[in-house]
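Visitor: Residues per chain, in single letters:
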Amino acid sequence: QQPVQSPQAVILREGEDAVINCSSSKALYSVHWYRQKHGEAPVFLMILLKGGEQKGHDKISASFNEKKQQSSLYLTASQLSYSGTYFCGTEVAAGGTSYGKLTFGQGTILTVHP
Amino acid sequence: DAGVIQSPRHEVTEMGQEVTLRCKPISGHDYLFWYRQTMMRGLELLIYFNNNVPIDDSGMPEDRFSAKMPNASFSTLKIQPSEPRDSAVYFCASSLAVGPRETQYFGPGTRLLVL
Numbered sequence: 056q057q058p059v060q061s062p063q064a065v066i067l068r069e070g071e072d073a074v075i076n077c078s079s080s081k082a083l084y085s086v087h088w089y090r091q092k093h094g095e096a097p098v099f100l101m102i103l104l105k106g107g108e109q110k111g112h113d114k115i116s117a118s119f120n121e122k123k124q125q126s127s128l129y130l131t132a133s134q135l136s137y138s139g140t141y142f143c144g145t146e147v148a149a150g151g152t153s154y155g156k157l158t159f160g161q162g163t164i165l166t167v168h169p
Numbered sequence: 230d231a232g233v234i235q236s237p238r239h240e241v242t243e244m245g246q247e248v249t250l251r252c253k254p255i256s257g258h259d260y261l262f263w264y265r266q267t268m269m270r271g272l273e274l275l276i277y278f279n280n281n282v283p284i285d286d287s288g289m290p291e292d293r294f295s296a297k298m299p300n301a302s303f304s305t306l307k308i309q310p311s312e313p314r315d316s317a318v319y320f321c322a323s324s325l326a327v328g329p330r331e332t333q334y335f336g337p338g339t340r341l342l343v344l
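Chains as they are written, first to last, in our numbering: chain C, 56 to 169; chain R, 230 to 344.
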């Protein structure tokens with residue numbers, strides 16, 4: 056099943072913060088976050104593994120709560136360049152083996168205004 | 230290094246015609262994925278290959294769709310005959326391997342319009 060992302064859209068002013076959530080009904084092996092700008096390919100942001108780890112990339116960080124099968128992406132002090140659609144891709148746990156098969160959420164549209 | 234290369238970038242065709250989309254993965258990557266993106270269904274995995282062998286084609290919509298990977302540097306996705314509902318952006322992605330830390334790198338996509 057497709058993971059559910061919330062909210063569907065966010066509008067921010069430069070410098071504001073945002074949180075994007077990704078929830079799955081199945082036990083997850085990993086969560087991958089991508090950003091896609093209009094008319095372009097999705098670009099990889101980060102991978103999170105089960106174990107509740109957190110990661111950061113510049114002012115973008117994420118967490119993964121494997122017990123709740125949820126991941127959150129945190130955008131701090133947003134910049135104009137953060138605008139785009141954010142997707143989470145989830146890999147379902149299958150006996151501890153990763154097969155690389157990702158199922159993507161429907162996306163969250165983030166718009167940052169000056 | 231060149232990323233994933235896809236051709237054509239845009240394709241407009243008429244219903245019933247055969248369409249062939251092409252992909253060159255990043256050199257050295259053993260896994261190749263074909264995705265389709267539409268407003269209604271989002272980003273869907275169609276099929277993926279490991280070392281040129283199809284591993285999972287459960288996402289291929291129907292028999293009109295077929296994919297091949299004759300060698301490590303080339304893959305095709307063919308639609309025959311095409312229908313208007315096939316209109317979408319088709320992405321090819323590749324990864325070095327599969328595993329919890331492996332990243333999929335996406336190509337620029339082929340925007341297909343079937344009239």
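Keep in mind that the hints were calculated from the coordinates and are not lab data.
Worth double-checking, as some hints may not be accurate.
Listed below are the simulated DSS-like cross-link pairs for lysine-lysine, each with C-alpha atoms no more than 25 Å apart in a straight line [as the list claims (entries may be wrong)]:
1) C/123 <-> C/92
2) R/307 <-> C/156
3) R/253 <-> R/307
4) C/122 <-> C/92
5) C/81 <-> C/156
6) C/122 <-> C/81
7) R/297 <-> R/307
8) R/253 <-> C/156
9) C/105 <-> R/253
10) R/297 <-> C/92
11) C/123 <-> C/105
12) C/81 <-> C/105
Derived coverage of chain R by chain C (criterion: at least 3 residues anywhere in the stretch with Cβ under 8 Å from a Cβ of chain C; other residues may be distant) [said to hold, decoys possible]:
13) 252 to 258
14) 267 to 274
15) 296 to 309
Quick reminder that beta carbons are idealized off the backbone N, C-alpha and C, glycines included.
Visitor: Starting from the hint list further up, note which numbers the structure goes against and sort them upward.
Guide: 1, 4, 9, 10, 13, 15
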